[in-house]
Every structure is written in C-alpha cells, then in structure tokens.
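With these hints in hand, go ahead and build the complete structure from the sequences.
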Amino acid sequence: MFTISQIAETVNGTIDGNPDLPIIGVCDLKDSNADHLSFIGANKYEKFFHQSKANAVLVGKGFSMDRKDKTLIHVDNPAISFIKVVHLFHPQDIPIETIHSNAVVSPTAEIGANVYIGPHVVIEENVSIGDGVQIYAGTFIGKNTTIQSGTVIHPNVSIYHDVIIGKQCIIDSGSVIGTDGFGLVKDNNTYHKIPHIGRVILKDSVWVGPNCCIDRGTLSDTVIGEGTKMDNLIHIAHNVQIGENCAIAGQVGIAGSSILENNVAVAGQVGIIGHLKIGEGSTVAAKSAVFQSLDPGSFVSGVPARHHKNRLRQDVIINQLPDILNRIRKLEKILPITEDNSIDIK
Amino acid sequence: MFTISQIAETVNGTIDGNPDLPIIGVCDLKDSNADHLSFIGANKYEKFFHQSKANAVLVGKGFSMDRKDKTLIHVDNPAISFIKVVHLFHPQDIPIETIHSNAVVSPTAEIGANVYIGPHVVIEENVSIGDGVQIYAGTFIGKNTTIQSGTVIHPNVSIYHDVIIGKQCIIDSGSVIGTDGFGLVKDNNTYHKIPHIGRVILKDSVWVGPNCCIDRGTLSDTVIGEGTKMDNLIHIAHNVQIGENCAIAGQVGIAGSSILENNVAVAGQVGIIGHLKIGEGSTVAAKSAVFQSLDPGSFVSGVPARHHKNRLRQDVIINQLPDILNRIRKLEKILPITEDNSIDIK
Amino acid sequence: MFTISQIAETVNGTIDGNPDLPIIGVCDLKDSNADHLSFIGANKYEKFFHQSKANAVLVGKGFSMDRKDKTLIHVDNPAISFIKVVHLFHPQDIPIETIHSNAVVSPTAEIGANVYIGPHVVIEENVSIGDGVQIYAGTFIGKNTTIQSGTVIHPNVSIYHDVIIGKQCIIDSGSVIGTDGFGLVKDNNTYHKIPHIGRVILKDSVWVGPNCCIDRGTLSDTVIGEGTKMDNLIHIAHNVQIGENCAIAGQVGIAGSSILENNVAVAGQVGIIGHLKIGEGSTVAAKSAVFQSLDPGSFVSGVPARHHKNRLRQDVIINQLPDILNRIRKLEKILPITEDNSIDIK
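Residue numbers (this note's numbering), protein chains in the order written: chain S, 1 to 346; chain B, 1 to 346; chain G, 1 to 346.
It should be emphasised that the hints constitute simulated quantities derived from the structure, not laboratory data. Hints are supplied without guarantee of correctness; some may be wrong.
The list cannot tell twin chains apart, which means a pair is met if one copy fits it or any two copies do.
[To be verified] Straight-line Cα separation of at most 30 Å, DSS-like style, residue types lysine-lysine; simulated pairs:
#1 K277 / K193
#2 K203 / K193
#3 K61 / K84
#4 K167 / K143
#5 K186 / K167
#6 K277 / K309
#7 K53 / K84
#8 K277 / K186
#9 K193 / K53
Here it is in structure tokens:
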C-alpha cells in the first residue's frame, strides 16, 4: 500500500485530488479495480476514464477532463511513470549472490560480484560474467563467451562459444545464441556445412524474447544494436546487422547478411530476405515479405511488401475483381469483337 | 496380443467376423500390416478397405461394404474407439512416484501424491504440484506457480512465476510459459519495457506442443480455455484470451489482447493481429493474416484474410490477369481513344 | 599461421604467387583483412577481388583476372576448399571422452567408445549411443532411442523415446524430436489426442538447426533423408517424409504426411500443407504457401504458391491495377453504357 503522495514523489508528479488516498495496486483503465491506480497513455483511452473503477490515474500535463471523484497525478509521460509505479508495487526480484552447488562452472571462468548462478547451469572455459549478472537454472554458456554486467538470462537458454552479450540485456528462456548459420556449399549433389567463425554481439540493453535463434556470423559478426527489443520465436540469420532501438515482433525472420538501420519496427511474422538494407525508421507491417531494400522512413506491407498506401489501394481493387471482370464483359458485349475471349469463373 | 473379443469389449463394439482372431498391433488402413487392426474414420477412406492388409477393422454402425476376409468391429465412433485400442496395445508410461535426488525442490513447495519429478528439475518457492503430476528432466517451475493434478510436463520446459496450469494438461518440451509480453514504451527514442504483473492461466485439458511461447498478461491475465490444443512453435502474446476446445496449428501467432471464442480452428502459420475478436466456431485457413475481427462461424483465408469463397474467386481472376489485360487492350484498340495508356508487361 | 604451400597442399591446389607467404587467418573477400586468405566462389564476387585486402585468394581453375600483388591458389571448387582451410585455422573442438558425474545415464543404456556426455544430460533406459557421439549439457534422450556414431547433440535438446538419429548428424540447441503430432479426433465438441506410435528417423548427415520441432509418426514413421539440412525454428509434422539432400530454411512448416522428394530447396517461412508431394529438385521461394503437389523441378512462389514466372507477371499487373481500372473507366465513358457500375477507390 502506498499513498498518492508517495506515488507522486516516485514519479515527480503533481497531485490533483487527495494526497492521502491509499492505493493498493495498479490496473488497466478499462479492466479496472477500486483502490488501484491506472494511467492514460494516449488520448484514445480517455473515453474509458469516467467508467474506470480506478480511484487514481496518471495523466499528462495537459489532461483536461473533469476528474470528479478520481485523484489525478499529472506527469510528463504517463506510460513511463506508470512503469515506475508498477515497479514500486512489484519490485523486481533480485536473487542473493549464489553459485548453486550443482552448477558446473569452469575454474577458468571469471565471475563478477553479486552474481546469481542457478541450479544446473553450465559455464565453460574462459567465460566472463560481469557484476550483478543473473543466470537461471539450466542455462548453458559456451567457451570464451562474455556476459556483461547487469544482464539477466532466464532458464534453459543456450549460448554457444565466443558470444558477447552487453550490459543490462535480458534473454528469455529457450533462446539459442551463437549457432552456425545456414551456410551450405553443394558439391556432387551433397551439401557441405560452412564452418562459422564469426561471433554474435548483443550490445547493451538488448532484450531477446523466448525461443529466439540468433546465428553467429560466417567470417564477420552478427550484431544486434543497443536498445533493440525482440519478441518471441524470432530467427536472426548469420551476419545480420541490426541497429539501435529496433522493435522486432514475434516470429519475424531476417535472412543472412541483411541490415536493419536504427529505429526500425518490424511487426509479427514478417520475413526479410537476405542481403537487404532496411532504412532507418522504417516500419514493416505484420506478415509482410520484404524482397527489396527499403529507403529510410518506409512503411510497407504485404507479400511481396509494397508501400502501404499503394498496397491498400490494390487490395480494394483486388476485392472488386469479380465486378471489374463483369464490366469488361459488358464492354465486350457491346463492341464488335468476333473472337471468343470468354473466361469461366465458377 | 489381444483377440477380437477382447478388443470389442474395450470399445463396446459388435463383432462381424471371427471373435477369436488374434491381433498383434494397430496400423493405418493404407500403410497396413497383416494381423493388425485398423479403422475407417470417414467414408473417403473406404476405398482403401479391400486392399488393406489389416485383418480387422473398426467401422461405423452403418458401414456397408462386403467384409470378405476381414473381421469388423462396429462402433459409434471408429476414430475414438481406435484411440482406445492404441492405448490397449501401447499403454501410457506412468513413472513411479519419485523426486529425483538431483532435482532442486524448494522446501516451501507443496507436492501432491504420486508425483514424478525427474532429474535436473527446479521447483521454486511456493509452487503447488497436484496429485499425479509428471515433471520431466530439466524443467523449471518458477515461484508461486500451480500445476494441477494429472498434468504432464515434458523435459526442458520453462514455466515462469505465478502461472496456473490446470488439470490433465500436457506441455511438450521447450515450451516457455509466463514471459513478459512485448510491451514497450518509447521515450527519447529509447524503448522501456513494461513490467508484466498479469498471469498465464491454462484451464484443464490444454495441450501445449513443443517450443511454444505464451506470454503473461500486462495487468490482467492471458487465458487458454479448457480443452484447447496447440501444436508446435506457437506464439501467444500478452492478454490473449482463447476459449474452449480451440485447435491451433503449428507456427500460428496471436498478437496482444486478441480473443478467440470457443471452438475456433486456426491452421498453420496463421497470424492474428492484436485486439481482434474471432467469433465462435470460426476457421482460419493456413498462412492467413487476420487483420479484422471475425463473426462467429466465419471461414477466412489469405493475406489479408477474406471470406474463403470470395478469396478463391479472386485468386482465379488474379491468375487470369494477363488475359484480362489483353482483353482491355483489344477493347482500347477498336475504340477511338487518342491518349496513350499503354502498359508494359515484360 | 600457415604458409601458402601448406594451405595449397591441404586443398590440393596450384599456387600462382608466393608459396612462402604467411597467412594468419581466413576472411570474406569484401570485408577483408591483410595477411588473410579469402575465396571466390562465384563469378559475381570477382568485382571485389582487386579492392580486397586479402593477400591470398582461392580461385577456380579458369580464373582469369590479373592477380597483381595477390597470391592465388587454383582449385576445382573454391568454396569447398575454403571450408577445408577454415577447419585448418579453426580445428573443430573434440571433447575428451567423458560421462559427466552429474549426468543421469540409465545402466541399461549402451554407450559406445569415445563418447562425450556433458553435465545435466539424461539418458533413459535402453538408449543406444554410438562411437564418438557428443551430447552436450542439459540434453534429454528418451527410452529406446538410438544415436548413431559421430553425431553431435548440442545443449538443451529434447529427444523423446523411440527415435533413431543416424550417423554424423548435428542437432542444435532447443530442438525437440519425437513429440506426438497434432492428431485430434473431435467427439461431443471435445478434442481427443491420437496417441502416436510411429517413430522419427533421421538418416545420416542430417543437420537440425536450433529450436526445430519434428513430430513422430502416428502409425508409421516421420523420416528425414540422408544429407538433408534444416535451419532454425522449423516445424515438421507427423508422418512427413523428406528425401535426401534437401535444404530447408528458417521457420518453414511442413504439415502432416507431406512428402518432399530428393534435392528439394525450401526457402524461409514457407508453409506446405498436408498430404502433398513436392517433386524432386523443386524450389519453393520464401514465404510461399504451397497448397498443391508440385511436379519435379518446379519453382514456385507466393500465397498461394504458383509457378514463379507467372507469379511475377501477376505481381506486375497487380501493381498496375489502379491504372487498369482507370482504363476501364475511360472505355465505359465513351461507350453508351447506361447502368451505373461506378467503383469508389479512395
């Protein structure tokens, strides 16, 4: 339980209402509870304000609705402030410094201060683990890999040899980092696997969701830029270069050697073929297949991906194709065409 | 080895043929073996009946083909009866009550009767494990999670904290349940991760195939309804609500806060974007991208998904587009259009 | 460090330049380093030859560019030779014969010579492990499974019971082999799972990338042919039969009972529905959805997949649909059509 004053202090906000109101938790504005605090992150949610059971709401500085029986806290960025309040009510679990007795840690590994290494973890030769790193049960860290300070690796992650994970990264369960990429040479109808000597480098503050796969580079490195966030079941092939602050949604696949510049947003189930460059700030809509490089600031969709507005116009017309065909038939009827061009649509 | 009488008793069926015929196993009707029993689940398979090497066949009550040298067992639902016969020949392996010596089980966990906990399993604080639960090697169960009676969790599964798994569920290897969803707030061009305090709730008799990912809710819960079955490599985002008896095939992705009502069937590689409602009994064909909510009983396909019949008609016309374009050219030729509107198709 | 003579001997090549030149590593031709060796695998890369910092280059027998200050080694197949040189500089790590003290190995398992079994591995009853097999940390091998000689299984793999893995296979982390397929029978609106008694059989030299799922057969087996290579996050359903030397890229899904003949290439994110036959030597382009069987040597693309050349022509016309619609409007204007067929495109 925290009072409105305590919460306002945490988020550096201005109170409009009862500073002594006790708040027992956080909730959604729509799916709400009494004695809870919610937030309005964008104007479109304002319509849920009055019906909400939340007694307190974080709002922007310019919020102008009649607050009636609710207590408001005005802040610069309600969504960011709400994150702080969630952490106030649900402080992150920081495990005590431990190397579990049945973890298998090479004596040649360097382990920093305040590190948590859970049960059944394996840490191979010459691994370097920074201060405050948390490595949960069943995770495997291969030879010569570096995990920098503050990074959290959830259970059953597999990180191969010679990988570099930056500071404050999060790797969710089941992800696999550092496998050889899908490089094959065919000879006499038989494939030969190309050995991969590049690394995987995750810069600071990268988030890799569960069951993702990031392949190592063939001769150079696969690199994920600072602050980039990845959802579930994502496939990043060898030599891919991803810039800073990209957001990559679930089940996306990025093929070999493609480059994403900074601030690219890729929606779910998108595929990007190899050797492309996706320009800074581009957005790729869900399920698209990108077969060509994109200029900075592009917004594309579809299979194959095209500029989104054109795609929408095409889709409207595709929907009308049966009508259009009828119109052509009508034109043909009144014109003296002698050849038979009839088309059968059942 | 079982006789036809023993098998008929198991499935409560009526014998047409030799009750003493010894049967040594079960087989497919087409890819068949002598001394084996098969079944005819639907009329379209009847054509394989006479060529089949199977000496005995489970058939519906109204089955009317000449049985010749085969022994029939008439039942209400041959496919359901066949499942029973498979279990007769291949009884399910129920491990003896064990907590393996190298499993790490918190003393605060409540463990029911007849529980199997395999090697290298980790069970954290305040976990509750119901009677008859089987948890295989290398699986991780986070704090405060509940696994209800009769559920089987295969090797190397990762279940985070505060998850509820119902009774008689099956979770296959590599699946990850309870990760934070892909909720991000951008501030000064930097993403901030939204902490997720909702849970994941799997109702009874849910099957989660291998390498699936089910994210926890942001503020409310992610819920999978009773009897719903999920295939491999499926992505279920935060706050998704799935009804009862849905069937979700491999590599499907369902984005945040979408709702599937009861009895929805989703074929392989389908994507459903966020905040949609898929009406009861709807079917989504393979590879579709659903961008709009669907009325109950819908059958859609394609990218973007449209009603399947319309989609098929459009596809036929799209195939004829080169011809259609020629017809337009012909019309233009015989009409006195002076402007040049020529289109280049190479 | 190796000299050009030593390298030329390894690849059985002919030197054009300085046989005593010391080489300290391998590199890409474009992203290159001094004192390194690179290769030209196809003519299209020749344009990078002169600017490359690599002092030595493996080239084909007919390579005709002026070598200037570079030393060449002429070979039959530069890419294959390059693989040998990479292994020369980066010899593969072969762990010493070990069964780690905390691996749990059934006394009924047969373990060959020179086997490595890492920490936290579980090997159940009646498993057979061939000579020289490497099984890394956290991997689970179920009852009656056979792993033949020379196969490498990376960390945290789950292989269920009664699976056969051939010789010289590679299974990357997180893959799951031998789960029951997605076979359901509906009765009274409730799904019943079909028990699967078929096996999974991987022939020799199969590569399964990370986080793949290969389901066991229902009554017969799921089979992956010799030399077939699979990338990341691939879904292979029950009863699928894949031939020899197929290449299957990331996030592909192949539904139940489909057959891929030999030498089929399937690009990323392709879906192939059930019960199809993909003819020998066919190629399926990225993101395609294959709904029909394909003749040998087919090259298809798109959703639904069509012959690639036709698909490209259709795509060009789809792009021109707004123009085409305008042309139809123009025709309608000059013709005495009285009915209104106007179409609104915004």
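Hints, verified against the model:
1. In this assembly of identical chains, K277 and K193 lie within 30 Å of each other by CA distance both inside one copy and across copies; the values are 26 Å within and 27 Å between.
2. For a Cα distance limit of 30 Å, the shortest separation of K203 from K193 qualifies both inside one copy, at 28 Å, and across copies, at 17 Å.
3. When the C-alpha separation of K61 and K84 is checked against a cutoff of 30 Å, the pair qualifies only within one copy, where the shortest distance is 17 Å, while the shortest distance between copies is 65 Å.
4. With identical chains, the CA atoms of K167 and K143 are at most 30 Å apart both within one copy (19 Å) and between copies (26 Å).
5. Proximity of K186 and K167 under a CA criterion of 30 Å is satisfied inter-copy only: 20 Å between copies versus 40 Å inside one chain copy.
6. Proximity of K277 to K309 under the C-alpha cut-off of 30 Å is found in both arrangements, the shortest distances being 21 Å within a copy and 25 Å between copies.
7. Taking identical chains as interchangeable, the C-alpha atoms of K53 and K84 lie at most 30 Å apart only when both belong to the same chain, with a minimum of 21 Å there against 51 Å between chains.
8. Taking the shortest alpha-carbon separations for K277 and K186, both the intra-copy value of 27 Å and the inter-copy value of 24 Å come in at or below 30 Å.
9. In the homo-oligomer, the alpha carbons of K193 and K53 lie at most 30 Å apart only across protomers (25 Å), although the nearest pairing inside one protomer, at 60 Å, exceeds that limit.
When the structure is compared with the earlier hints, no violation turns up for any of them.
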